[in-house]
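Protein chains: 2
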Amino acid sequence: MANIAPSRRLRRTPFSKGVEAAGIGGYTVYNHMLLPAYFESPEADYRHLKQHVQVWDVACERQVEIRGPDAGKLIQWLTPRDLRSMMPGQCLYLPVVDETGGMLNDPVAVKLSEERFWISIADSDLLLWVKALANAYRMEVLVDEPDVSPLAVQGPKADDLMARVFGDDIRSVKFFRYGWFTFEGRDLLIARSGYSKQGGFEIYVEGWDLGMPLWDALFKAGEDLNVRAGCPNGAERIEGGLLSYGNDMTRENTPHECGLGRFCNTETAIGCIGRDALLRVAKDGPVRQIRAIEIKNRVPHCDEAWPIMDKDKIVGQVTSAAWSPDHDCTVSIGMVRMTHWDPGTELKINTPEGKFDGVVRDSFWA
Amino acid sequence: MANIAPSRRLRRTPFSKGVEAAGIGGYTVYNHMLLPAYFESPEADYRHLKQHVQVWDVACERQVEIRGPDAGKLIQWLTPRDLRSMMPGQCLYLPVVDETGGMLNDPVAVKLSEERFWISIADSDLLLWVKALANAYRMEVLVDEPDVSPLAVQGPKADDLMARVFGDDIRSVKFFRYGWFTFEGRDLLIARSGYSKQGGFEIYVEGWDLGMPLWDALFKAGEDLNVRAGCPNGAERIEGGLLSYGNDMTRENTPHECGLGRFCNTETAIGCIGRDALLRVAKDGPVRQIRAIEIKNRVPHCDEAWPIMDKDKIVGQVTSAAWSPDHDCTVSIGMVRMTHWDPGTELKINTPEGKFDGVVRDSFWA
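Residue numbers (our numbering), protein chains in the order written: chain A, 1 to 366; chain B, 1 to 366.
A portion of the hints provided could be inaccurate.
Identical copies go unnamed one by one, so any copy, or any two together, can satisfy a pair.
In silico BS3-like pairs for lysine-lysine, Cα to Cα no more than 27 Å straight-line [said to hold, decoys possible]:
| # | residue 1 | residue 2 |
| --- | --- | --- |
| 1 | K73 | K283 |
| 2 | K17 | K313 |
| 3 | K220 | K157 |
Bear in mind the hints are in silico, worked out from the structure with no lab data behind them.
Bear in mind the structure is a predicted one, so any value in this text is a computation, not a measurement.
Start from the sequences and build out the full structure, keeping to the hints where you can.
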């Protein structure tokens, strides 16, 4: 692996000093910002995440803020998910699509009030899409990237650590709901959410200056809980079926191909750009879809789509893969054609280091 | 420096195999794609670039293709530069702005015909901005990212190397003009352009499969010219005053602040989004502007904006800096307030490793 060359363009975060002091091993780049990829090693990080509690610098989940009388209308235009029943206090996972129904992003939207939303984005400049629409349709909204940087606390001991810093009320926050909690006299939005299946919270840190004081407070409070710096872990998130935009899906794919049909209420999502295209997909169903694929062997780093072959014919591709210590196999995510997507189907996967055998599973691991 | 963690989301390029075989030292990420940052070392690369010829994998300069009867109208909406006299065969550097006149990108536009353009973008998802506008205004255009990956050939021996592969006609291509040349039976658009001041070409490689054959052909033809793999070089581009989007300018800045006023014909750029905002700036002038700043000492890696101080007051920021072997100083780019932007003004620059002295220059170095 090569070094990552530093520049302002790969933005540091409010927590970067903490990340570096904790001994960052590898970085990736996400929304033009540094995102830790591993600390000790992917496998050591994985084991620790499943047993203890980690603090994750996910500031790269930048927010698109939409504020104003037309905010509710504009956000509905972005997605085939029907948002009419969404309440303040709630977070929702949203497929965001273009006019052909192609995925532009898969953010979590946070409803602050009837006229104010944060969209916590995956790795594409969704801000430009939303700003252009707001401008073209002369909507009564402000659209911008606010000074908000999520910090995640993930792992089985997350509730205990968070209660020490924010009080026991944090324990009663429900999944994909949020509450307001005080730190150093400032109100912070904290949601029960995060990019792992181990449970935990995402703290929407409003104000760059609060970053390191909060980071330090969490580590101080969690010493006896074996708290460590961590980050989204490839094997853990694949086991849990958590998709990654840019890896497992791109503009090429509809939400239905990504297995996100359950988040599409295309008939009633009035105004959704891409609705016409998706109505057809919703009716006929996709011809390829995301599947969990088990591979017995250890495979190379998956840094490009690997073709899935049936003799000379490409029938899909693997887009994420990682060695799972708990399942003693490589867990992977692929997009597979209908002819080969049934559970138990045996697949040949072409990697730069040769062909590997894979099997379609009926569900993800976790 | 930490490692860069591989994933499909950080897209490989048609030339990645060549880059790796040449011994890549450091990568950066640009438009969700790998961009080499140095090979031997930034200083060794710099010396070689100024004496010989290098082949650069700049596939990350992705294209936004606009095609159809409304293509000319749509591209004019993106920029305050008046495009009425742009001819097929021509390339133009375009500031692209939002409704407030803030920079969204600073691409080079290539006019293929009256109804077809490629916009060779800097590091932001301009595709989303253009697609949203095209859709909202129901323009008669197709907007997409085609399978086109630029490969640059830069350095004083660039003409000689290119003539060996494409024939002597390549020598007559003028600056920011292009021609069509044949390689392995396929037509390739080749422009005299590139992100260095050493001269050279950018080959718009259409078709992923052509990447490595072309890479190999250039290296084979240039053995006795001491051809090497290279990449945009920090010190060389700063000396030449070549700005970097995301480093030296962001949405916060107008083109005028970036010293790009000469590319703005705001009065006649009818339809340009942001025209109203920029008409005011064009009249009053900016209150801060890009300057070349010389620093005697070696400074740390510039991975965040460094405040420029006058006692306790912030009067600007340095956004790019690199050691220049030829000038025996650190060359840097900063945004400086009007009160401190005159040539010869002495500045104090706050870096994580302490304060450094800088002086405003009257022009860039090269």
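Hint-by-hint comparison with the structure:
Taking the shortest Cα distances, K73 and K283 sit within 27 Å of each other inside one copy (25 Å), while across copies they are farther apart (37 Å). Taking the shortest alpha-carbon separations for K17 and K313, only the inter-copy value of 25 Å comes in at or below 27 Å, while the best intra-copy value is 49 Å. Proximity of K220 to K157 under the C-alpha cut-off of 27 Å is restricted to the intra-copy arrangement: shortest distance 15 Å within a copy versus 59 Å between copies.
The structure meets every hint from the earlier list without exception.
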